[in-house]
Structures are given as C-alpha cells and as structure tokens.
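Work the whole structure out from these sequences, hints included.
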Amino acid sequence: MSDGLFGAIKISATGLRGQRTKMDVVARNLANAETTQTAEGTPYRRQRAIFEQVLGKKLETNDRNMGREVEDNRLSRTNPGHMSGLNSSSHTVSGGIQSDVSVALDASEFRVVYDPGHPDADEDGYVLMPNVNPITEMVDMITASRAYEANISAVQTAKEMFNQALKI
0 MSDGLFGAIK ISATGLRGQR TKMDVVARNL ANAETTQTAE GTPYRRQRAI FEQVLGKKLE
60 TNDRNMGREV EDNRLSRTNP GHMSGLNSSS HTVSGGIQSD VSVALDASEF RVVYDPGHPD
120 ADEDGYVLMP NVNPITEMVD MITASRAYEA NISAVQTAKE MFNQALKI
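The opening residue of the sequence shown carries number 0 in numbering that gives the first Met the number 0; numbering runs sequentially from there.
Just so you know, the hints here were simulated from the structure itself, not pulled from any lab data.
Cβ atoms here follow ideal geometry from the backbone N, Cα and C, with glycine treated the same way.
You may find that some hints are simply not true.
[What the hints assert, rightly or not] Beta-carbon label-pair distances, calculated as ranges:
| no. | residue 1 | residue 2 | range |
| --- | --- | --- | --- |
| 1 | Ala32 | Leu165 | 48 to 58 Å |
| 2 | Ile151 | Leu104 | 21 to 31 Å |
| 3 | Ala149 | Asp119 | 33 to 43 Å |
| 4 | Pro115 | Gln155 | 50 to 60 Å |
| 5 | Ser107 | Lys158 | 34 to 44 Å |
Next up, the structure:
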C-alpha cells in the first residue's frame, strides 16, 4: 500500500538525484574550462553524466514466470562509444525501476590554442586547452535544471493528490 502512495515520489526522487549529478558534472566542467595542467599532467578532460534505466527484478520475475528467458533487461542507455567510464551511482526504486547515473570522460581531442606567453606553451607557442565548450555546458545545465524542475513538479502533484484523497 505504501509503495502505491509513495512510488511516484520515489521515482521522482531518483530523477532528482540523477539531474543533480548532471548539474554537478556541468559545474565541474565549467570551473575547469581553463585548467591546462591536472595531476596527470594533461589538460582537464570534460566529463559527462550518462543515464541508464534498468528494469528491476519485478519484470525479470514476471518474464521467468511466463517461461521467457531474460538476457538483458535494459530499457535504454545513453552511452556513446567515445566515452570512457569514471564512476557510477545506482538508485533503485521499489516499483521495479533502477536508475544508474555514471560519470564518464569525454575522449574528444583537446583544443590547441596559440599563446606563446602561456606558462604551459610548447616550443612553438601552442597550448593544449581542455575540451570543454562553455556553450554546450550551459545547454546541458539548462536541460538538467528543467528536468529537475519537472521532477519537483511531479512530487508536488503527487502530494496534492494524496491530500485530495485524504479529504474523501
């Protein structure tokens, strides 16, 4: 019974955590957009939040009960091949959906800028700069912010529905 009442809020909370992770990644990228030297000795490499929704044990159990074999229970995955994994966090919602948000490095080329006065310039005066585009990062931030707001709206709507149901 409580799962029915609070399932919508739990699902929205998973979305809120995922979008928060995406906003943190974008903020980190913007903060390091001019960092030419990291601990590894290379310019800062852009990071991306990768979302994956996985059907939980509920669907797998239903399929097995119906005699179907379950090989891969992914709903969708946005994980371009040019990304390399960094870390991930997984959030399971008891309604059968699991959301996995991982942070991956963008393997695209660094920008090369001619700046002979820069302390990290090579003998020809060129500097390797991070592969961060502030315009792309701002678009990602706006998208994450709108998705975050949509999840908050869903939580508010669920709360209003609960209040209306209690008045009956």
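Do the hints match the structure? See the list:
1. Ala32 - Leu165: 48 to 58 Å: holds (50 Å)
2. Ile151 - Leu104: 21 to 31 Å: holds (30 Å)
3. Ala149 - Asp119: 33 to 43 Å: Roughly 42 Å apart at Cβ, these two residues keep to the hinted range, so it holds.
4. Pro115 - Gln155: 50 to 60 Å: The hint (50 to 60 Å, Cβ to Cβ) holds, given that Pro115 and Gln155 are roughly 56 Å apart.
5. Ser107 - Lys158: 34 to 44 Å: 43 Å Cβ-Cβ, so the 34 to 44 Å window holds.
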